[in-house]
Amino acid sequence: MAPQVEVMRRADVNRLYDEKVNNSRNRRNAPAQTQTRPRKRKLRQRWLERGMGLDLPFLLLVLVLVIIGMIMMFSASYPSAYYKLNDSYYYVRRQMFYAIIGVAAMLGISFFNYNKLHKFSFPMLMLSFATLVLVLFLPGNVHRWIEIGPINIQASEIMKFAIILFFAHWGSLYYDKMQYARYSVLPGILIFGVTAVLLILEPHYSGIVITAILTVIMLYIGGMRVKYLIIGALLLGVVIVIAWATGILTYAMQRMDGWGQALVYTTEDMWQTTWQTRNSLYSIGSGGLFGLGLGQSRQKYLYLPEPQNDFVFAIVCEELGFVGALIILLIFALLVWRGITLSLRAKDRFGKLLGIGLSSQIGVQVVLNILVITDWLPNTGISLPFFSFGGSSLIMLLAQMGLILSISRTANIEKQ
Amino acid sequence: MAKKSVKRTKRGVLQLLRMRTTILILLILVIGFGAISVRLAYLQLVSGPYLQEKAVEQQLVDTTVNSKRGTIYDAKGKVLAQSASVWKVVLAPAYLETNAQRKYVAKNLAKILDLDYKDVYNKTKQKIYYVVIKRKIESDEREKILKLCEKINKKFDGLSNVITLFDDYRRYYPYDDLASSVIGFTGSDDQGLEGVEYEYDKYLTGTPGRIITARNANQTDMPFQYEQNVDAKDGNNITLTIDETVQSIAEKYMKQGLVDNEVVNRGVCIIMDVNTGGILAMVTADGYSLNNPYDLSDADLASIRALPKKKRAEAESAALGAMWRNKAISDTYYPGSVFKMCTASMALNEGVVSDNSSFYCGGSVKVYDHTIHCHYTAGHGSQNLFQAITNSCNPAFIDIGARVGAERFYKYYQAFGFSEPTGIDLPGESDDLFFSEDGSMTVTDLAVASFGQNFSITPIQMVTACAAVANGGKLLQPYIVKSITDVDGNVVKKTETTVKRQVISESVSKKMCDYLERNTIQGGVNNGYISGYRVGGKTGTSEKIGQSQKGYEDYIASFCGFAPADNPQVACLVFFDTPRGASYYGSQVSAPVFVNIMSEVLPYLEVQAEYTDDEKQYVDTVAGSYIGLSVKKAQELAKSDGFTTTIKGDGKKVVAQIPYSASKIPVDGNIVLYTDKESKKQKIEVPDMVGYSVSTVNEIASSVGLNVSFSGVTSSSNAVSTSQSISAGETVNEGTVITVEFSGGTVVHD
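Protein chains in written order, with the working numbering: chain S, 1 to 416; chain A, 1 to 750.
Read the hints as simulated data drawn from the structure, not as lab findings. A few of these clues could be false.
[Unchecked claim] To spell it out: a stretch of chain S is covered by chain A in this simulated footprint if at least three of its residues, at any positions, have a beta carbon under 8 Å from a beta carbon of chain A; those stretches are:
1. 184-191
2. 325-338
3. 362-373
[What the hints assert, rightly or not] With a Cα cut of at most 30 Å, we get these calculated BS3-like pairs of lysine-lysine:
4. K147(A) with K111(A)
5. K494(A) with K76(A)
6. K151(A) with K84(S)
7. K255(A) with K511(A)
8. K511(A) with K500(A)
9. K134(A) with K154(A)
10. K84(S) with K123(A)
11. K84(S) with K155(A)
12. K233(A) with K252(A)
13. K84(S) with K154(A)
14. K84(S) with K103(A)
15. K653(A) with K680(A)
16. K54(A) with K127(A)
17. K144(A) with K118(A)
18. K84(S) with K136(A)
19. K347(S) with K84(S)
20. K107(A) with K151(A)
21. K154(A) with K136(A)
22. K677(A) with K84(S)
23. K54(A) with K84(S)
[As the list claims (entries may be wrong)] Stretches of chain S that chain A covers, calculated by requiring three or more beta carbons in the stretch to come under 8 Å of a beta carbon on chain A:
24. 96-106
25. 228-238
26. 289-300
Even glycine gets a Cβ: it sits at the ideal position worked out from N, Cα and C.
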């Protein structure tokens, strides 16, 4: 019985492969273009009628987050900007400038046909690897950033997008073969493996976590068998248990920027290393239920280093309290939920996967960022979307939101 | 078939995507966001208070502003202890950036403050914002530091607050060693360590103020944050019952007594107001310098240096402890014969003896299997109660004690306040040491207790009991602090006289006063007699059984008395521990000191002197000035002043006189007036005037032309001169006043 099924499947696979090639050819040929004309006409109607076909709730959520993020980043950063740069508005002025560019980029990209990204998926991946390798040769102790003129880009930011894009492309291309390990597990392990090695060298441990999660998410929604996921999870579990049992885990946690040791430091070095995380916990704890009030944080007075970056949410917690933090998390959740559901309505599988991937990335990053500031993950560069200071990442983030809006347009068009 | 299967697969894939997306949403939004929400809730709501406390701990800088410690005044408002402004120099070395800056600051600080350069330089290398360089600098040093700050500010940029001066206070004791064991001193943090400074620390201290400032992580003030000031509240002022004048008089004579009698173990003098319980003077001689309480005497230092190095520290702290010890309340001793005033009082109060009771002394008495000797081994024979007291007869008092009985004896022992601390408001008061916890005594115990041996009490207990004997029988609680007032002058606390109980009846008290007064007259200076004042008192000499140093038989010589006997105002105990001079008897060691102290204290306390007719002729007055007058006029003036005159020389005008004007002279004395300088060169030899009666001394003196100032007991018929101020054989001018000391004759060696 079993051998027969196996044979059947192989035949199936071959046939499916032929069809896939045909399909992809079809997509690139004329019929697709002829179809776009009437669509464009309808699009103009929508432009006037319903906000150009954009998903308005999603856009609104993005803008709300950009504004709240801007206010909170300003509140968190002005004392350190005042003390260190003698200019309270140093960060907010720049962030505002980037936000304007970013929102413009987002709206612009929403008109862009995301399907054109298919052909960039592989080059993008290669470019990302190249960047990850490149940063290793740049001066400094920690090799996470690449500077191009005034722009600072975190190499892993590009990597994240490249992974989502590549697997969206891959998953849409091999939608019918994803249940096979060599179409899902193999590329996954290959791409993530190389990324992980390069990120360890940087080092950027939380970057590994986030790229791992994104890879798994993309493979999962792409159609990979859950069996492999479970195997992977079990393997990870075994490794963690062994590491814990042999004491390597504690050692590793100490090595990883004093992960989980912020309040239980034993040496002066540890105290120094965990300074930021510990002060983050002090900030969060100081907030209580309703917070100290907007602008009233005390920890931002140089106690929490670089409050404008990854740890901005600690100041949010201090000033707005648990209630305020929860409301912001709710807005994030709404954004993620809206992003994923609207992507599901996309006309094509690539759009679906891309949209879901980009939306999940926001959610994952929010979760990881807060795990970092609460000392549950090593303190290594996971920024909070829309809140953390950083021109390039904000622009990139808004550009990705533009892609989701672009997907929402096609989704809405198809509906009509 | 194939197409259908593909289509189905496509649909299947889509369904799978939908399903998995739902799971993904659940994973991210429910599990992921749920986890972080729970984590935040835990940190903000559960650990919140702890984390906030930690945060506030690092954010707020709490600077203490010292409060000014209250002043201690004597009863007349003289300042005994006072705090004055000084400053604390604090460095914030973290501002120093270069070694040149560090060196400059360290060099100048070390120079101004007289510190070791290396120490200061090491402090400048620390990366902190608060290092105390020196405490309690005076204003001249402060001026120099302020100038240095200006210089640093000019020389280096951004170092304006590298040195800060904080207000502080230093304790000054204007009389230095006066009443040192009573007043006590303070430690480096202004906390009271001994005496009143310790006992009343919480009143004197006040409330330190606080400045709470929010600081950023660089320890500079937050520009937008708050500052909270709590003003320092100065300490309360304390007025003691101690009178500086009385205390000084007592200390002067106590110190003299220490030297004269070669006292090994210091002495105590307590002067107490018998009507209020207030302590007018409490002396532990020698005292120590309150301004430098850690300076040991040269003798102590020498003996410590003689020790091996290891034992020195221990010996030093022991020596300091002994020096600071308030002997008047912390040491116990056998009261000895002084206690007989209590034994007699209780016997009279119980009615077991009367004036006419007869006591026999054969020189010794056998109690159970012990033979107890009287100090007068020949025996006093038959005596009445007054004689028994005057003779200080031990067998008589053993008899009196036996009549009282052990049970009642202990009852009175308790009633006189010996069984409990007096409750005086000073630290370190000791308990008594009686024969047994419950007061039971054997026959022998009772016998020796009757004359004050073999049980230990503190000097303050003795003087309090003496006051009770004198004041009509009321046992008072002695106290040292009269009142406490706050900085605005409001009374915080005022000590009221506490009458603990009526120990003996008023009539018994009157009788005892009478007995004790006559006792002093009988014994003269050596029994406490003071010419012009009615004084009552009792001498005491107690053996230090088991406490004597090897090779010595050590004693405690004490005298406890009160004045005036007809209306007692003050009680006074004089007590020398281990005199090793010519005598160790209370009558010869302590009584003269008591007399000296009281003869100055009583006039100061405005107790009117009342001379008997006998005494009046021996009272001294002051010679007037007759120089420059004609002989005739001088004679007339001297006569009107009550003096007789002797003219020497042939001149017409008086050029010199003996005694000099304003110097002491007996009321009917003879003034020698010189009319030329030659005649003043004539001298006469001083005759021996010791061992004669008052009238004989008078005759001898007038026969050679000397004036005699009579001192001591002159009213008693059997008074005998015991000493003269200028020794026999020396040559003096005619008319010179020689003080001759008289004694009542019956000197008791108890």
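Could you work out which of the previously given hints the structure breaks and list their numbers from low to high? Violated: hints 1, 7, 12, 18, 19, 22, 24 and 25.
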